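Q: Using the hints provided, position chain A with the ligand relative to the given structure of chain C.
Going down the list, the sequences are from chains C and A. Every letter in the first sequence is one number past the one before it in this note's numbering, and letter 25, counting from 1, is 508. Every letter in the second sequence is one number past the one before it in this note's numbering, and letter 319, counting from 1, is 407.
Any given hint could be a false lead.
To be verified - With a cut-off of at most 25 Å between alpha-carbon atoms, the simulated PhoX-like pairs for lysine-lysine come out as follows:
1. 220/A to 681/C
2. 294/A to 570/C
3. 124/A to 681/C
4. 681/C to 125/A
5. 231/A to 220/A
6. 650/C to 124/A
Don't read these hints as lab results, they were simulated from the structure. Note that the coordinates shown come from a computational prediction; the quantities given were computed from them, not determined experimentally.
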Amino acid sequence: MRNTITHGREYLETTLNQTLSQGNKIFVPYVMAGDGGLDQLIPNLKFLSEEGATAIELGIPFSDPVADGPTIQEAGKRALEQNVTLKSVIELLKQERYQIDAPIIFMTYINPIFKYGIENFIKDAQEAGVDGLIIPDLPFEQQVLISNHLNEAGIALIQLVSLTSSKKRIKQLAEASQGFTYAITVNGITGARSNFAKDLEAHLSQLQEFSSAPVLAGFGISSPEHVEQMGNMADGVIVGSKIIELLQDNDTDSIKRLIESSKAK
Amino acid sequence: MAGPKIYFKREDLNHTGAHKINNTIGQALLAERMGKKKVVAETGAGQHGVATATVCALLNLECIIFMGAEDIRRQKLNVFRMELLGARVESVDQGSATLKDAVNEALRYWVTNVEDTHYIMGSVLGPHPFPKMVRDFQSIIGKETKTQLLEKEHKLPDAVVACVGGGSNAMGMFYPFIEDHDVKLYGVEAAGSGVNTERHAATLTKGSVGILHGSMMYLLQSEAGQIQEAHSISAGLDYPGVGPEHSHLKDIERVQYSSVTDEEALEAFQLLSKTEGIIPALESSHAVAEAVKIAQTMSKEESLVICLSGRGDKDVESVKDALNQ
Ligand SMILES: Cc1ncc(COP(=O)(O)O)c(C=O)c1O
Numbered sequence: 484m485r486n487t488i489t490h491g492r493e494y495l496e497t498t499l500n501q502t503l504s505q506g507n508k509i510f511v512p513y514v515m516a517g518d519g520g521l522d523q524l525i526p527n528l529k530f531l532s533e534e535g536a537t538a539i540e541l542g543i544p545f546s547d548p549v550a551d552g553p554t555i556q557e558a559g560k561r562a563l564e565q566n567v568t569l570k571s572v573i574e575l576l577k578q579e580r581y582q583i584d585a586p587i588i589f590m591t592y593i594n595p596i597f598k599y600g601i602e603n604f605i606k607d608a609q610e611a612g613v614d615g616l617i618i619p620d621l622p623f624e625q626q627v628l629i630s631n632h633l634n635e636a637g638i639a640l641i642q643l644v645s646l647t648s649s650k651k652r653i654k655q656l657a658e659a660s661q662g663f664t665y666a667i668t669v670n671g672i673t674g675a676r677s678n679f680a681k682d683l684e685a686h687l688s689q690l691q692e693f694s695s696a697p698v699l700a701g702f703g704i705s706s707p708e709h710v711e712q713m714g715n716m717a718d719g720v721i722v723g724s725k726i727i728e729l730l731q732d733n734d735t736d737s738i739k740r741l742i743e744s745s746k747a748k
Numbered sequence: 089m090a091g092p093k094i095y096f097k098r099e100d101l102n103h104t105g106a107h108k109i110n111n112t113i114g115q116a117l118l119a120e121r122m123g124k125k126k127v128v129a130e131t132g133a134g135q136h137g138v139a140t141a142t143v144c145a146l147l148n149l150e151c152i153i154f155m156g157a158e159d160i161r162r163q164k165l166n167v168f169r170m171e172l173l174g175a176r177v178e179s180v181d182q183g184s185a186t187l188k189d190a191v192n193e194a195l196r197y198w199v200t201n202v203e204d205t206h207y208i209m210g211s212v213l214g215p216h217p218f219p220k221m222v223r224d225f226q227s228i229i230g231k232e233t234k235t236q237l238l239e240k241e242h243k244l245p246d247a248v249v250a251c252v253g254g255g256s257n258a259m260g261m262f263y264p265f266i267e268d269h270d271v272k273l274y275g276v277e278a279a280g281s282g283v284n285t286e287r288h289a290a291t292l293t294k295g296s297v298g299i300l301h302g303s304m305m306y307l308l309q310s311e312a313g314q315i316q317e318a319h320s321i322s323a324g325l326d327y328p329g330v331g332p333e334h335s336h337l338k339d340i341e342r343v344q345y346s347s348v349t350d351e352e353a354l355e356a357f358q359l360l361s362k363t364e365g366i367i368p369a370l371e372s373s374h375a376v377a378e379a380v381k382i383a384q385t386m387s388k389e390e391s392l393v394i395c396l397s398g399r400g401d402k403d404v405e406s407v408k409d410a411l412n413q
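One chain only, chain C, in its complex shape:
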């Protein structure tokens, strides 16, 4: 029997808070939809969800991914070569979403949504069981383009906060964020890193102060040590480029270890 979860902001927030109340940290892996072929997507999502990912960020491939480093750029290119589109991902999820428990957050640049038609997109995303959205190239001031429709549909719009944002801006973004607040841990684009800025801790604790939603650290996080280090400063992590590399290498053990490192000892 198909389950009867009502997807959206509420489901995302409940799931994240449950994880935290169990004493675990939140772990959100990023996968590029259609990397390795669209048939690979549901098995990958299922694997991550069953192994304990709290929620999953699902990247939609785009021709000009300005926020992304080489690993995610290449993954997107592979997906585009397979003719994967926002529409084909949504159609697949409409059929198969029930197999995956974890909340799903689309990470997509704004143009594919805009071209789809904003109202059509939101209607279809709702039917596909999308719980949240991250749109890295839609500035806060321009979010009215989509935010009213999203609120009506009950889909979370997640805010990205950069290291260089002023205190006023941080407050504004953290207060507006739904589901969780996405704290970018480096100046720059996605991609594995070896270390982080010294003032990161102060930045994250300020964010925690302003944000009623959990604060997740992302960009550059690539080892169980990073996951634990960030776990001491934030409510959890988002891991992108590293997960993409490990999925490509079929290294499921390393993925399990990464997820495990977010759980209470």
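A: Then chain A with the ligand, alone, in the frame of chain C:
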């Protein structure tokens, strides 16, 4: 002979040979004022890169220029010029390896180095306030045109023609004339091999509204919202979008936008060289080609201004190749 009086706005006579320097001087001074030590920029034809490297040399700012690998091949001489001026030129292999990909890489570099780096956007593109800022720095073109024409003709021009890549020379030329409704404004895009082929850069003629690099504008894009490659014989017009303000001026029908093929631009390049002794940039040749058509509909009491956005020295080699084919 019938036909209007034709004037050229000689941006080709600027230092570094194109209008681009109007904008880079303004923005480099801002960078200095903000205390930034480094400047990053994208370039297509290399004209904006050369103009940026030039002001950076003058103001002692470190300069990094991103340029598509395909454009590096087409504009070797400008690459050497930038290096001579002390800039580091980074080759971009992603996507179509042309201007939009260079913008992507320059934006990525900028967010990574934002503490000490200013991004000098080269056209009326990108996130606010770039389109407005670049327009304002380039509006000297239109202001000078207006003053000088009033001196010579004691009236405003009847028609003004400029080429449109991202749209900075055209925006700078048009802006002071927007409220002068008797002045007809013509923007000319690159039709490449023809607007009914897959190889063109005629964004306003053939594109649809979308969002890229922080602007909502007409874009060449697929049904799924993926950005498509633009094509033109002139590297400076090879961008799949066009400034948001041009998109607006098209929608309110204040400016008439048309397009000119590679072949027509090549003819105009030779025509101006032979008749006036001015070798125009291939970009500007698009404006010249359209102006020839417009002039045929005008009377001898009227006047027409062509924005000669740059000189053609950088294009001589590729024109020679194209004509030998
Ligand atoms: C001489 C010249 N004209 C025009 C352009 C097109 O740019 P824009 O449309 O911003 O004026 C370029 C760009 O490199 C150029 O070098």
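Q: Against the structure shown, which of the earlier numbered hints fail to hold, in ascending order?
A: Violated: hint 1 alone.
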